[in-house]
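According to this note's numbering, the sequence shown is numbered sequentially starting from 1.
If you are wondering where the hints come from, they were derived from the structure by calculation, not from laboratory data.
Hints are not guaranteed to be accurate.
[To be verified] What follows is a set of in silico ranges between Cβ atoms, one per label pair, in the way DEER data are often shown:
id, residue 1, residue 2, range
1, F316, L340, 42 to 48 Å
2, L269, Y313, 16 to 22 Å
3, D66, G201, 25 to 31 Å
4, I3, E336, 52 to 58 Å
5, D318, V213, 40 to 46 Å
6, K246, T4, 54 to 60 Å
7, D318, T120, 22 to 28 Å
8, T4, Y29, 18 to 24 Å
[Said to hold, decoys possible] Below, computed lysine-lysine pairings styled on DSS-like, alpha-carbon distance capped at 30 Å:
id, residue 1, residue 2
9, K274, K286
10, K274, K204
11, K274, K298
12, K63, K298
13, K204, K286
14, K298, K339
15, K286, K298
16, K124, K110
17, K298, K28
18, K124, K25
19, K123, K25
20, K123, K110
21, K123, K108
22, K286, K335
23, K204, K25
24, K108, K322
25, K110, K322
26, K124, K204
All C-beta atoms, glycine included, are put in the ideal place defined by N, C-alpha and C.
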Amino acid sequence: MSITRTLTLNIDAAALRNLAGEYNKHLKYLQERLEIQIIQRQNTFVLTGDLIAVERGEFILNKLADIADDDIGSEELHLIIQSSLARDADTPKAPTAPYADISLRTRKGKITPRGANQQTYVKKILVSDVSFGVGPAGTGKTYLAVACAVDMLERGEIERILLVRPAVEAGEKLGFLPGDLTQKIDPYLRPLYDALYEMLGFEKVGKLLERQVIEVAPLAYMRGRTLNNSFVILDEAQNTTPEQMKMFLTRLGFGSRAVITGDMTQVDLPRGHKSGLAQALQILSKIDEIHITRFDSKDVVRHHLVQKIVQAYDAFDDEQEKLAAERKAARLAEKEAEKLAQQANHQAESGASNDN
């Protein structure tokens, strides 16, 4: 059902220009993403469309008004829209929820989780010794884990950060990699480095790496270690074996916490090998002290097409599973029919023998 609502924002003309964007590009983008109509009359906005979409539009316009004293970039607008979409499907009022009730501080500024699920994820990391973040690419699992680690390091709650990743190639054979240990595993840990550089700066990260306050290591090198007063991030955990996952989880020492992130739709292990992440989620789900946050396509905070790509792949996988189940049922029915036919033939042959 289509409704119309009027929203009046108490901001000046310069802020209105920043909010609307050059040639109203922000408003046009907002209309396209939410599938609503927005008519602006100075600082009054008339929104028409589906009830939930209009409420979401009001939420976004209010958020934009809060930051409209400065220029608003396209990426910032996109993230605000994504934060309004990142909600549980059964909570239509979520856009009006206070998403900014928690934030992380780094040298380069404040980092605020986008959306209710990211807020929950960060809260679970900060209060538990072992946390899992599982879901598709672009949901902020790794980035927010690194942000939590940096925040705790800056506040003196931990003494060092360890970044760990299984060195599994994503379907490509890279061959021999030259250099020392750090140089060999750099390609696998690049996303973690990128997040650190953004939060601390190149120079600071370099100094912390030299002092081994920040340490990077392939998962295989964690065996035999006990990690005290550390924040350990295991990234791409879907590519661990069950033995590696158990080994990693039992490394945790006093004053330490671990965050394990992964995407079960992107397992690069050889065919026939079970993912350690999948097994761990099954085994550890009933331990109250271990928290698991599950993300889906609604939580994607990258380009809006990434969300649609994830949804398309999920729909394809569901269809393939359905077809496989139908084929299996057809084979079972065929075998059952053959079995009944054989039994009927056997009974007919037995009857004919008795007649003779």
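Going through the hints against the structure:
Taking 42 to 48 Å as the suggested C-beta distance range, the pair F316 and L340 does not conform, at roughly 36 Å. At about 19 Å, the CB distance of L269 to Y313 agrees with the hint of 16 to 22 Å. With their beta carbons about 27 Å apart, D66 and G201 fall inside the hinted range of 25 to 31 Å. The given range of 52 to 58 Å is respected by I3 and E336, whose C-beta atoms sit roughly 55 Å from each other.
A hinted range of 40 to 46 Å for the beta carbons of D318 and V213 is consistent with their spacing of about 45 Å. In this structure the hint that K246 and T4 lie 54 to 60 Å apart at CB holds, the actual value being about 58 Å. Between D318 and T120 the CB atoms are about 25 Å apart, so this pair conforms to the stated range of 22 to 28 Å. For T4 and Y29, the hinted distance range of 18 to 24 Å is satisfied, since their beta carbons lie about 21 Å from each other.
For the hint linking K274 to K286, the alpha-carbon distance of about 21 Å falls within 30 Å, and the restraint holds. As the CA atoms of K274 and K204 are separated by approximately 39 Å, the hinted pair breaks the 30 Å bound. Between K274 and K298 the CA atoms are separated by roughly 27 Å; this keeps the pair inside 30 Å, and the hint holds. Among the hinted pairs, K63 with K298 is consistent with the structure: their alpha-carbon atoms are about 19 Å apart, no more than 30 Å.
A C-alpha spacing of about 40 Å is found between K204 and K286, which places the hinted pair above 30 Å, so the restraint is violated. A hinted pair counts as satisfied when its Cα atoms are at most 30 Å apart, and K298 with K339 does not qualify at roughly 48 Å. For the hint linking K286 to K298, the alpha-carbon distance of about 26 Å falls within 30 Å, and the restraint holds. Of the pairs offered as hints, the one joining K124 and K110 holds, with about 19 Å between alpha carbons and a cut-off of 30 Å not exceeded.
The hinted pair formed by K298 and K28 meets the criterion: a straight-line CA distance of about 22 Å does not exceed 30 Å. For the given pair, K124 sits about 37 Å from K25 by alpha-carbon distance, which is inconsistent with the 30 Å threshold. Proximity of K123 to K25 is assessed by CA-CA distance (about 35 Å); at most 30 Å being required, the pair is judged violated. Simply put, K123 and K110 have alpha-carbon atoms about 16 Å apart, close enough for the 30 Å limit, and the pair holds.
Between the alpha carbons of K123 and K108 the distance comes to roughly 21 Å, so the proposed pair stays at or under 30 Å and holds. Distance restraint check for K286 and K335: the Cα-Cα separation of roughly 40 Å exceeds the 30 Å cut-off, and the hinted pair is therefore not satisfied. Distance hint between K204 and K25 is unfulfilled; the C-alpha atoms sit about 38 Å from each other, more than 30 Å. A distance of roughly 48 Å separates the Cα atoms of K108 and K322; the hinted pair therefore is violated under the 30 Å criterion.
Under the criterion of a C-alpha separation no larger than 30 Å, the hint pairing K110 with K322 is inconsistent with the structure, at around 45 Å. Note on K124 and K204: the hinted pairing holds, with a Cα-Cα distance of about 28 Å set against a maximum of 30 Å.
Violated hints for the displayed structure, listed by number in ascending order: 1, 10, 13, 14, 18, 19, 22, 23, 24 and 25.
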